[in-house]
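Based on the provided sequences and hints, a complete structural model is requested.
Number of protein chains: 2
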Amino acid sequence: MKLGLLGPEGTFSEAAAKKWSPDAEMVFFDDMESAVTAVDEGLCDESIVPVENSLEGPVNVVLDTLLDLRSPIIGEEVLPIKQCLMSRGEFKDIKVIVSMSQPLGQCRRYIHEHFPLAEVRATGSTAHAAKLAQEFPEMAAIGCSEAAKLYGLKVIREGIQDQPMNHTRFIVLGTHNVAATGRDKTSLAVYLDRDRPGALYEFLGEFARRSINMTRIESRPSKKVLGDYWFFIDVEGHAAEGVLKEAIAALAHKNTRLKVLGSYPRADIL
Amino acid sequence: MKLGLLGPEGTFSEAAAKKWSPDAEMVFFDDMESAVTAVDEGLCDESIVPVENSLEGPVNVVLDTLLDLRSPIIGEEVLPIKQCLMSRGEFKDIKVIVSMSQPLGQCRRYIHEHFPLAEVRATGSTAHAAKLAQEFPEMAAIGCSEAAKLYGLKVIREGIQDQPMNHTRFIVLGTHNVAATGRDKTSLAVYLDRDRPGALYEFLGEFARRSINMTRIESRPSKKVLGDYWFFIDVEGHAAEGVLKEAIAALAHKNTRLKVLGSYPRADIL
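Order-wise, the sequence lines are chains A and B.
Sequential numbering from 6 applies to the first sequence in the numbering used here.
Sequential numbering from 6 applies to the second sequence in the numbering used here.
Treat each hint with caution, since some may be false.
In this list, chains with the same sequence are indistinguishable; a pair is considered to hold if it fits within one copy or across any two.
As the list claims (entries may be wrong) - Here are the computed lysine to any residue pairs in the SDA-like style, where the Cα-Cα straight-line distance is at most 25 Å: (1) Lys250 <-> Ala194; (2) Lys100 <-> Glu140; (3) Lys136 <-> Arg199; (4) Lys259 <-> Gly203; (5) Lys136 <-> Val125; (6) Lys229 <-> Asp167; (7) Lys250 <-> Gly232; (8) Lys7 <-> Lys100.
It is worth saying that the hints were derived from the structure and are not from the lab.
Now the structure itself:
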């Protein structure tokens, strides 16, 4: 099985991929968008991408790309995340910090306190950052300790994210919907007209009335005008079964612009 | 009147500040967090900061900082945003692109298409990026055209954000709550227990039942565990008047952890 993910080797995505499918053949992509669209484009059988972090919130590019995707979500993994500061040089020599925007956000306060004057560079992945830091002793990467091993860097500080407890949730994209297991979750995207006040309340009512538990709600701009959103909602249950099937049918009947992104077995909780 | 904002000169915040109060004495801060807390810390009478963008969504650091703030929101400004690519050098020579994470997100596709190999650096502000680009002809900043004038750069491309229509909403923080004008908006932050399914629905019900229009909803992680959020909600009306006052009282009665961030006159719509 070919499993697509953000590369190069040593990303947190790789740790999640190994947890998901230890024997898969890993196919590394240079940027997050390509990892999301990889199954749609026939480049691999499945792909795994981060979708939200408990400190910094949603991975915007993943949410935005999901809207036009054909491949369904078929699974999820939750990983505890320890951001490491790694370099060839010493703490006192660090002048440049390099990482992805998400980890930089997770370590915002740390960077501000310890490196107020450092130059901060954004790269496509934490492992790519570690690769860059190989070249310059005054550069430090922020990422997975695995990357330090792979690229010959020292871990100077471990767990530098702004709160000790930090988790990232990854989703797995595949070619076919998966059947219900009895312990499922469904991800939905819904567009609610900004000119209809109360639309979100009405929408949530279809779930609340049926005692369907919502585990997540996230809004992303529709990119048209301010105040116009797509909502990304996760609920318990499988879209093809029981009360959730009913709720989705009721919403379709009301002409709600709803996209079922996938139903899949819930990951074991932290 | 001393008005705090993100500096140096030439940021989009400065354009918003001039619209808000042309005669104010501008007090520039190095980073967004300091601009948000400036009134709380007695460093200025008011401060103006971006809170959301129609392409890239919320400004995370502003939302996160609002939660602990004493200063109320007293106003808003909405600005059309044209991101400019500016440099001392030529388009073909650009190897490094520098800007804030928000503008980089607004131009994500453009950068990916036109500069797939460029190094991308994140700075504290767009004007700071322009200042850096003064030094190296192979470096381009993304920001406000005003910054190009100030720092002697050429505007190489104008309006490079991923959609032509692009707006940023700024909020103004002050020392005192402002009285109702009849055309007001109220910003709220509410913490909803993740272990109480349907809590968001119930919360929104207090507004929907009273026909209070919601113009925005945004979730930010509580930074404790996945699935645990603060919601940032904007509604029409003033917290000290009429049905909105009633709704807030009803929520307080239910022990909802609700913070009124401020009631203020609505900005003229785009």
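A quick look at each hint next to the structure:
In this assembly of identical chains, Lys250 and Ala194 lie within 25 Å of each other by CA distance solely inside one copy; the values are 15 Å within and 32 Å between copies. Proximity of Lys100 and Glu140 under a CA criterion of 25 Å is satisfied in both settings, with 13 Å inside one chain copy and 18 Å between copies. In this assembly of identical chains, the alpha carbons of Lys136 and Arg199 never lie at most 25 Å apart, being 45 Å within a copy and 39 Å across copies at closest. For the identical chains of this complex, Lys259 and Gly203 are neighbours both inside a copy (14 Å) and across copies (21 Å), given an alpha-carbon limit of 25 Å.
Proximity of Lys136 and Val125 under a CA criterion of 25 Å is satisfied in both settings, with 16 Å inside one chain copy and 15 Å between copies. In this assembly of identical chains, Lys229 and Asp167 lie within 25 Å of each other by CA distance solely across copies; the values are 11 Å between and 34 Å within a copy. In this homomeric assembly, Lys250 and Gly232 come within 25 Å of each other (Cα to Cα) only across copies, at 23 Å, whereas the closest approach inside a single copy is 29 Å. For a Cα distance limit of 25 Å, the shortest separation of Lys7 from Lys100 qualifies neither inside one copy, at 39 Å, nor across copies, at 34 Å.
In this structure, the hints that do not hold are numbers 3, 8, in rising order.
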